[in-house]
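A.B. asks: Here's the letter readout for the chains.
Number of protein chains: 2
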Amino acid sequence: MDPVVGINAVAQGDTVGRKPGKKTEKGKEKKQAGETELSEELRTKALIDGNGPEDATAGAQKLVLKNPKGTRDFEPKQMAVREKVFKTIIDCFKLHGAETIDTPVFELKETLTNKYGEDSKLIYDLADQGGEKLSLRYDLTVPFARYLAMNKITNIKRYHIAKVYRRDQPSTARGRFREFYQCDFDIAGQYDVMTADAEIVRILAEILSKLDIGKFVIKVNHRVVLDAMMEQCGVPARMFRAICSSIDKLDKTPWQEVRNEMVNEKHLDPAVADRIQNYVVLKSQGNAIEFVDQLLRDPLIGQHAGGKEAFEQMKLLLSYCELYGVSDVVSFDLSLARGLDYYTGIIYEAVLQGDALTASTESVGSIAGGGRYDYLVGMFDAKLSKGAKSVPCVGVSIGIERIFAIMEAKMLSSKEKVRTTETEVYVASAQKKLHFERMKLCRELWDAEIKTEQSYKLSPKLLQQLQYCEEYGIPLAIVLGESELQNNVVKLRDVQSRNEEVVPRDKIVEVIKAKLQLINGQSTSSSIATVHA
Amino acid sequence: MDPVVGINAVAQGDTVGRKPGKKTEKGKEKKQAGETELSEELRTKALIDGNGPEDATAGAQKLVLKNPKGTRDFEPKQMAVREKVFKTIIDCFKLHGAETIDTPVFELKETLTNKYGEDSKLIYDLADQGGEKLSLRYDLTVPFARYLAMNKITNIKRYHIAKVYRRDQPSTARGRFREFYQCDFDIAGQYDVMTADAEIVRILAEILSKLDIGKFVIKVNHRVVLDAMMEQCGVPARMFRAICSSIDKLDKTPWQEVRNEMVNEKHLDPAVADRIQNYVVLKSQGNAIEFVDQLLRDPLIGQHAGGKEAFEQMKLLLSYCELYGVSDVVSFDLSLARGLDYYTGIIYEAVLQGDALTASTESVGSIAGGGRYDYLVGMFDAKLSKGAKSVPCVGVSIGIERIFAIMEAKMLSSKEKVRTTETEVYVASAQKKLHFERMKLCRELWDAEIKTEQSYKLSPKLLQQLQYCEEYGIPLAIVLGESELQNNVVKLRDVQSRNEEVVPRDKIVEVIKAKLQLINGQSTSSSIATVHA
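First to last, the sequence lines map onto chains A and B. If you're matching positions, the first sequence starts at 1 in the UniProt record's numbering and goes up one per residue. If you're matching positions, the second sequence starts at 1 in the UniProt record's numbering and goes up one per residue.
What the hints contain is simulated information worked out from the structure, not anything from laboratory work. Don't take every hint at face value.
[What the hints assert, rightly or not] Non-contacting residues of chain B with respect to chain A, defined by C-beta distances greater than 12 Å in every case (computed): (1) 104; (2) 139; (3) 162; (4) 182; (5) 193; (6) 198; (7) 215; (8) 259; (9) 267; (10) 272; (11) 282; (12) 285; (13) 417; (14) 501.
[Said to hold, decoys possible] In the DSS-like style, the derived pairs of lysine-lysine whose C-alpha atoms are separated by at most 25 Å in a straight line are: (15) B:94 <-> A:84; (16) B:451 <-> A:440; (17) A:87 <-> A:163; (18) B:94 <-> B:215; (19) A:94 <-> B:215; (20) A:210 <-> B:66; (21) A:515 <-> A:432; (22) A:94 <-> B:77; (23) A:152 <-> B:215; (24) B:66 <-> A:152; (25) B:84 <-> B:440; (26) A:451 <-> B:94; (27) A:121 <-> B:109; (28) A:87 <-> B:109; (29) A:109 <-> A:84.
This one's a predicted model, so the numbers in the text were calculated from it and none came from an experiment. Yeah, the Cβ is synthetic: ideal placement off N, Cα and C, and Gly gets one too.
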């Protein structure tokens with residue numbers, strides 16, 4: 001039986017692939033009578049119905065062809081990078097026993113109300129189309145807190161990787177988008193002081209080491225240390241938040257400017273501002289525990305009861321970090337403030353020092369941040385007695401757009417080719433009309449779980465098929481030919497070396513599996529990076 | 001150095017875990033002076049600032065604690081199922097050499113305009129907050145077409161797994177949500193007739209077989225066959241779409257009701273309706289190619305020029321399906337219509353027959369659908385000559401909410417425990433205050449890439465630690481004790497058998513790696529399912 005009988009198969013194209021604007025070959029565009037008729041009828045029908053291609057093409061004249069401002073598409077090469085980054089991060093979260101959850105992309109508007117201070121203006125709302133008032137999530141922390149409160153969960157160690165939305169001024173150069181990924185890891189539960197907090201530092205250090213994107217520092221501070229410092233310097237309690245948000249700018253802005261803001265805009269006593277300056281320049285650079293001891297001996301902030309206890313907590317954290325082998329990347333930094341209101345204990349921020357991308361030596365800014373937030377879940381619990389702790393949480397959020405950018409640049413500059421598929425074998429034919437034999441062979445390979453592709457043309461050119469293999473980094477190609485088929489053999493080609501060998505047709509699966517084991521063994525034998533290795 | 005000095009470490013909790021509402025043990029809730037002071041200060045500051053916990057708790061009295069209508073959270077057990085389903089599907093897409101892309105969750109509103117017919121009313125719009133008019137994506141097909149047109153890509157084989165949004169009446173029982181996943185696989189490019197179309201059938205059959213959710217059928221039909229049938233039966237051309245959408249209901253509605261709609265609501269000539277009935281009851285049940293030959297001999301629809309060519313195309317498809325080993329799950333079904341306007345050639349729909357969940361024998365409805373859409377990309381190309389093909393595409397979309405539900409039920413009813421973490425070793429202590437030793441050991445294990453957890457309590461009870469291992473299915477536990485530490489050994493416990501052995505402290509990583517290799521070897525040795533195995 002020959003199923004091609006009666007079909008005017010029109011060879012219209014080329015081997016599959018992402019070649020923008022690739023033209024169809026001339027001499028193959030001639031259409032058979034039947035084919036034209038078929039298309040003609042469709043067009044006619046569409047015209048009658050009034051929203052087919054004719055109509056749509058007319059409408060398209062005015063169409064703005066773009067994705068929304070501040071968003072982007074990820075093409076296959078970028079997705080390959082993204083998957084690699086995610087895998088590194090997820091593997092690390094799983095190394096520490098985390099579960100994962102997911103929540104909807106939008107929340108009730110009121111769920112997000114009163115959580116983000118003045119950043120609330122950046123929240124995307126959905127149109128009122130009847131029904132509930134909804135907003136796109138702004139981060140993953142508030143949905144997590146809502147999830148815990150709603151399900152009365154008091155302890156969990158979970159990660160959540162998802163997109164969040166902010167109507168910010170986008171800046172591709174700075175990796176700031178309106179739709180972007182966050183990778184969150186949080187530990188909820190009432191535990192002993194700094195035990196969970198220290199593991200977060202370890203996890204962050206592991207991830208940044210394994211991503212291999214250059215030197216980094218994990219800055220730590222404590223909300224209560226900050227508050228004690230402000231109180232002892234003479235900042236009035238009602239101005240704590242405002243002054244805190246000025247301090248938060250010190251990573252990008254020189255002191256003099258920040259001082260101007262404090263004094264001129266926020267009307268802080270200049271003498272108080274000068275006292276603050278003495279502290280915000282302080283950060284540990286060698287032994288952080290000794291640094292804390294120095295602070296404890298400080299006549300001002302060493303004498304504040306709450307501050308003293310927070311310092312002791314920080315010493316505990318630092319000693320745990322030592323046990324976890326990560327103290328050399330941790331710096332206790334009194335200028336670290338972080339904007340969000342809900343932090344109540346330790347705060348973290350990871351910064352890259354010297355960009356692997358630009359080889360610049362200055363700090364390129366924050367790529368992760370977090371802290372302890374012991375009251376956020378309680379905000380969702382109406383029955384909770386006032387000020388009670390409910391579910392204490394500590395966590396970190398990795399903003400990976402900058403990491404993507406660095407990894408992409410690294411891959412571009414390296415000789416290593418980024419593969420966007422995992423295809424192991426390409427089934428090619430050296431003569432025309434061998435597509436039935438190709439299809440049979442593909443089926444056998446798919447049945448054997450061997451990743452296999454072939455051309456969608458009935459009679460593709462051999463050169464184009466082999467070029468496709470090289471372009472996509474496919475390691476093996478089977479070349480079918482009439483004479484080989486008659487002798488019950490096939491040619492198996494190593495695409496990189498171009499060596500060919502003749503394999504009995506009924507041994508091909510077996511031979512390929514052995515070869516792939518060798519190839520895959522080589523590609524995964526590179527040593528696994530350990531922290532600070 | 002003892003970093004605990006000066007810290008009143010308050011043991012407040014229990015081993016980490018998702019135990020809703022678990023109470024803290026009594027006798028451990030007494031707070032030290034310093035701790036109270038710390039919290040007190042925070043509360044005071046929050047009160048002053050006006051949006052801390054006091055204030056928030058007051059506001060929370062009115063808070064509706066829920067996720068938006070028609071959406072849901074995925075808890076860790078559900079996520080474990082979801083990841084398993086996704087892995088099966090993605091592995092299959094990769095088996096066929098697909099790349100992946102991603103697009104934003106929202107599009108310009110006009111990108112979605114005129115694509116979905118009357119379903120457009122189900123599109124979520126974003127509020128007008130200044131700037132572009134945006135809508136949440138309704139499917140992944142239109143964003144894909146926009147991506148191709150924008151980047152001038154003429155051929156690609158890609159998959160895309162992401163959430164889509166529809167303001168439909170939700171029905172949890174029927175697996176219908178307002179936010180749900182689609183898994184799309186599409187082949188774009190000008191290729192020979194039915195070559196790509198047949199591979200889609202093979203992929204769909206592979207996925208449904210591997211998911212092992214019961215018997216299924218992949219219904220196929222051709223838009224031009226449908227149109228030819230309607231034309232030959234005497235349906236006026238202007239009524240094609242309307243009658244088509246009536247036919248589309250035949251999978252859920254008896255003929256008499258559909259006929260009533262055609263005749264009474266849509267004013268179709270009753271004689272025409274009766275002629276249609278003769279055809280829409282037809283579907284292949286054995287050899288589908290013979291079935292097509294019968295149709296070709298039919299005095300009415302066998303005589304339509306376009307229809308005849310479409311039948312020949314279907315014969316070609318069916319012969320390719322035979323070569324791909326999937327013809328036994330394919331049925332050429334003349335009642336398959338599918339609602340979307342943009343299909344131009346083959347259309348697919350996969351239905352489960354007899355629910356693995358309910359063991360019912362009746363069809364439980366569609367779990368995947370798709371078809372060929374040769375004009376959609378052209379709708380985005382203003383320069384395209386009217387009615388030109390631009391980038392022909394064929395693809396399938398798997399709606400996996402129903403599959404999740406079936407898999408979840410299967411897992412619940414089976415004895416097999418669903419693990420939500422991948423933890424391999426739990427580091428426990430048999431006596432109090434061994435947390436430094438535990439931390440050191442954890443570090444060693446993490447450095448060796450062994451997935452490891454421990455309690456966040458300084459002095460957890462042994463029983464609770466071992467219960468945690470059983471609850472989470474952790475295979476190995478190390479039990480640290482004073483006497484063992486003095487002898488430089490540790491106890492290694494097989495959690496399931498409760499067997500314990502003594503291992504030298506400096507050999508523990510080595511011994512655990514060997515044990516894990518054994519354990520992991522066993523759990524992955526179950527045979528890999530092949531299509532129709």
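A.B. asks: Going straight from one Cα to the other, do residue 94 of chain B and residue 84 of chain A come out at no more than 25 Å?
C.D. replies: Given that 25 Å is the threshold and the Cα spacing comes to 16 Å, the pair holds.
A.B. asks: Compute the least Cβ-Cβ separation between residue 162 of chain B and chain A, then decide whether it is above 12 Å.
C.D. replies: Label violated. Min Cβ-Cβ 10 Å, cutoff 12 Å.
A.B. asks: Would the hint linking residue 87 of chain A and residue 163 of chain A be met if the CA-CA limit is 25 Å?
C.D. replies: Cα-Cα ~16 Å, so holds.
A.B. asks: Is the nearest Cβ of chain A still more than 12 Å from the Cβ of residue 139 of chain B?
C.D. replies: 15 Å, holds
A.B. asks: Beyond 12 Å from every chain A Cβ: check whether that's true for residue 417 of chain B.
C.D. replies: 14 Å, holds
A.B. asks: Residue 152 of chain A and residue 215 of chain B: Cα distance at most 25 Å?
C.D. replies: Violated - the C-alpha atoms of residue 215 of chain B and residue 152 of chain A are around 39 Å apart, more than 25 Å.
A.B. asks: Hey, residue 451 of chain A versus residue 94 of chain B, does the alpha-carbon distance stay inside 25 Å?
C.D. replies: 7 Å, holds
A.B. asks: With d taken as the least Cβ-Cβ distance between residue 267 of chain B and chain A, does d exceed 12 Å?
C.D. replies: Holds: least Cβ distance 17 Å, greater than 12 Å.
A.B. asks: Assess, step by step, whether the Cα of residue 515 of chain A is no farther than 25 Å from the Cα of residue 432 of chain A, and give holds or violated.
C.D. replies: It is violated: about 28 Å lies between the C-alpha atoms, which goes past 25 Å.
A.B. asks: Could you let me know if the closest chain A CB is still more than 12 Å away from the CB of residue 182 of chain B?
C.D. replies: Residue 182 of chain B clear of chain A: closest Cβ-Cβ about 14 Å, beyond 12 Å.
A.B. asks: Over 12 Å from every CB of chain A: does residue 282 of chain B meet that, or does the non-interface label fail?
C.D. replies: Correct as stated: the minimum Cβ-Cβ distance to chain A is 20 Å, above 12 Å.
A.B. asks: If we take the beta carbon of residue 285 of chain B, is the closest beta carbon in chain A still more than 12 Å away?
C.D. replies: Consistent with the label, residue 285 of chain B stays out of reach of chain A, its closest Cβ about 20 Å off (over 12 Å).
Checked against the numbered hints above, the structure violates hints 1, 3, 5, 6, 16, 19, 20, 21, 23, 25, 28 and 29; every other hint is satisfied.
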